[in-house]
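Protein chains: 2
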Amino acid sequence: MFNLISLKNGINNVEGFGCGGVSAGFKKNGAKDVGFIRSDKPCDISAVFTTNKFQAAPIKHFNRYPEGFQTNFILMNSKNANAITGQKGIEDIDFIFENIKVPNMINPIMSSTGVIGYPLDKERIINAVSKFDLDAKDSNSCAEAIMTTDSFKKEICLRVELDNGSSFHIAGICKGAGMINPAMATMLCFIVTDANIPKSDMDELLQKSVEDSFNAISVDGDTSTNDTVLLLANKTKNVYNKTAFDEALKFITKNLSLLILKDGEGSNKVVAFEVNGAKSKGEAKKTATALSNSLLVKTAIFGEDPNWGRIASTIGASNITCDEEKLEIYYDNVLIYSKTHPILDKVTEDKAYKVMKKDSYKITCNLNIGNSSYTAYGCDLSYEYVKINADYRT
Amino acid sequence: MFNLISLKNGINNVEGFGCGGVSAGFKKNGAKDVGFIRSDKPCDISAVFTTNKFQAAPIKHFNRYPEGFQTNFILMNSKNANAITGQKGIEDIDFIFENIKVPNMINPIMSSTGVIGYPLDKERIINAVSKFDLDAKDSNSCAEAIMTTDSFKKEICLRVELDNGSSFHIAGICKGAGMINPAMATMLCFIVTDANIPKSDMDELLQKSVEDSFNAISVDGDTSTNDTVLLLANKTKNVYNKTAFDEALKFITKNLSLLILKDGEGSNKVVAFEVNGAKSKGEAKKTATALSNSLLVKTAIFGEDPNWGRIASTIGASNITCDEEKLEIYYDNVLIYSKTHPILDKVTEDKAYKVMKKDSYKITCNLNIGNSSYTAYGCDLSYEYVKINADYRT
Chain A
253 MFNLISLKNG INNVEGFGCG GVSAGFKKNG AKDVGFIRSD KPCDISAVFT TNKFQAAPIK
313 HFNRYPEGFQ TNFILMNSKN ANAITGQKGI EDIDFIFENI KVPNMINPIM SSTGVIGYPL
373 DKERIINAVS KFDLDAKDSN SCAEAIMTTD SFKKEICLRV ELDNGSSFHI AGICKGAGMI
433 NPAMATMLCF IVTDANIPKS DMDELLQKSV EDSFNAISVD GDTSTNDTVL LLANKTKNVY
493 NKTAFDEALK FITKNLSLLI LKDGEGSNKV VAFEVNGAKS KGEAKKTATA LSNSLLVKTA
553 IFGEDPNWGR IASTIGASNI TCDEEKLEIY YDNVLIYSKT HPILDKVTED KAYKVMKKDS
613 YKITCNLNIG NSSYTAYGCD LSYEYVKINA DYRT
Chain B
253 MFNLISLKNG INNVEGFGCG GVSAGFKKNG AKDVGFIRSD KPCDISAVFT TNKFQAAPIK
313 HFNRYPEGFQ TNFILMNSKN ANAITGQKGI EDIDFIFENI KVPNMINPIM SSTGVIGYPL
373 DKERIINAVS KFDLDAKDSN SCAEAIMTTD SFKKEICLRV ELDNGSSFHI AGICKGAGMI
433 NPAMATMLCF IVTDANIPKS DMDELLQKSV EDSFNAISVD GDTSTNDTVL LLANKTKNVY
493 NKTAFDEALK FITKNLSLLI LKDGEGSNKV VAFEVNGAKS KGEAKKTATA LSNSLLVKTA
553 IFGEDPNWGR IASTIGASNI TCDEEKLEIY YDNVLIYSKT HPILDKVTED KAYKVMKKDS
613 YKITCNLNIG NSSYTAYGCD LSYEYVKINA DYRT
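In order, the protein sequences belong to chains A and B.
Going by the numbering used here, the first sequence opens with residue 253, and the numbers climb by one from there.
Going by the numbering used here, the second sequence opens with residue 253, and the numbers climb by one from there.
If you are wondering where the hints come from, they were derived from the structure by calculation, not from laboratory data.
All figures in this text were calculated on a predicted structure; none of them were measured in a lab.
Among the clues, some could well be false.
Copies of one chain are not kept apart here, so a pair can be met inside one copy or by any two copies together.
Using 16 Å as the maximum straight-line C-alpha spacing, the simulated EDC-like pairs for lysine to aspartate or glutamate come out as follows [said to hold, decoys possible]: (1) K598 to D292; (2) K494 to D557; (3) K305 to E577; (4) K489 to E267; (5) K331 to D584; (6) K598 to D415; (7) K591 to E577; (8) K531 to E375; (9) K312 to D575; (10) K312 to E577.
Could you build all of it, start to finish, from the sequences and the hints given here?
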């Protein structure tokens, strides 16, 4: 057995890692917009990237390195995604890494978020790096540097204590907000650990945990050019346990992804869409994802209207095996639709209204066709979302 | 050759058809909510229905008739979709048809739109039918009876004049508004003709024309339980020409679908998304549809922000063959992105702003990969959409 202990802040707690951020003036009012994570020792690295065909320059730059490469430095910036910038986008990253002064830098990685289609302001970024305190352990500043429309910083750190008294750390920071969708999001996530985890476990466990966390959330159904989840292990501590690491990684990815959803642009509510009794996990996922993406479902959640017809209609439209005679729909524990219970009586409706007034709740759809389940997470669609996104660039 | 002459109103111009509508009190202020179309002679009928797995009771009732059946009466109602109402929903339709007094009714059809999951008020509908003037040719009242959140009636009628001096008519009415999506919409459309068209041509031409009209528009990406397009031919006139009929039918379905889009809930702008140079028509359609459904694209259109990065990102996310080095994006005739022209200069940006101020324009995406094209039609997402849909039932 093992214990997961939640620590304050994020990356600063993990041994052998440094991090920080400064303002290069891209954001207003001196907010931090260029950050870094560095490691004393070279790290193994696992990555999951966007499925968008137009991968941003930082991802192409990453993929130029040979399989199994190690790194000790990540540079991040916000306000400019360096996406759809062609060969120049990659050359700009090379230029930056050739002109910054970071001692003993090995295979540096860049990670960007912001507006698509504009060239990086290389000189400003190089100048910002010269202001880094490379000895800092300032997770807050680093988390701030990657924020775009995020309204709060997203950091989680765990100490994993094993039964034999030994322990290791795992911590993550991320940014999200708009364009959050199954198959990743406009989100960057950096997870670091001092555990002595083998590279093959890193790849396996990261892939699995992303599938049920970042790939299960949806703010607006759009998939960005820059989505990135990186896991870095510097193996500073000679401690590792696969089960414990798996649980800790799942905790971090699931909770960071729920923080993204909570901070979805203009969103006020987080709803879990649990689909049970599907013919296959694929079908359960298809339906759960369709529910989390449906505009009509999102607006009904915003309006706190227990209109189960929209839930049912979206299930029917999701192109899976289903039967209205077998379907059951619950809002938390309130059965709101089944064949024998199709019409909302006043008592049920009042109970459902109460559930929908909460900041977060679960809509369960039992298809009663097979044995597979999947849970997707979504949020409401508010006036605020439209306002934020109607003019994002200014 | 032939001429298409646009006539005032709709179904009233087509020989041998009657139509009308009355108020049964489901809508406020005496607005019409129950309507009919009848024919002096039995009609051949072609239909395209929703792909939603939970087809509403009227569609199941229709599908009980044997292949190739004829009809002379359609009854429509709004405010209640009779969807996800189980076997009772079908029995209610049978009950209504057994208890209304319409002389010589053959294989009557019902068509419903409105809220999901409530039983029909049979008595009120039966009572409304007793108030029908079955001799009426009142297309306006019929079109009003099927409106839900529509803000205007949608009717089109054409007289098709052939070179030999003979002519026939074709007319359509429809309703739309929310839940409009490729693969149909919460829309009902009734098209009638007095042409002497063979049943096999009816099936072929209706399917084709729906594919490029009702299936090419998107208001909110949701597909309803009730979507229906019916084509009725009573063959009163002994006149027919396949090419002319095809053109007339395309004109009617395309223009009715654009009226639906124009009337999309809270929508102010109609945008055509033309994708060219795709590897296949399927890929062109996938991308065009993704553009018309993207929340980020819709909000940028609402905000009149020429943020081509969102267009490019959505193309990349649509899982088709594409290459950012080959891509070109136009707003009407303004080239806003190509490899050699990636950054918005002030002059181009001003031109793009001007295009986006218009009520309707075209965004053209040349993938330059293959030879296939598809055009989808979408609208903006406004505060008003959220407001209308946050509490639709009240």
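Please flag the earlier hints that this structure goes against, numbers listed from lowest up. Structure breaks hints 1, 2, 5, 6, 8.
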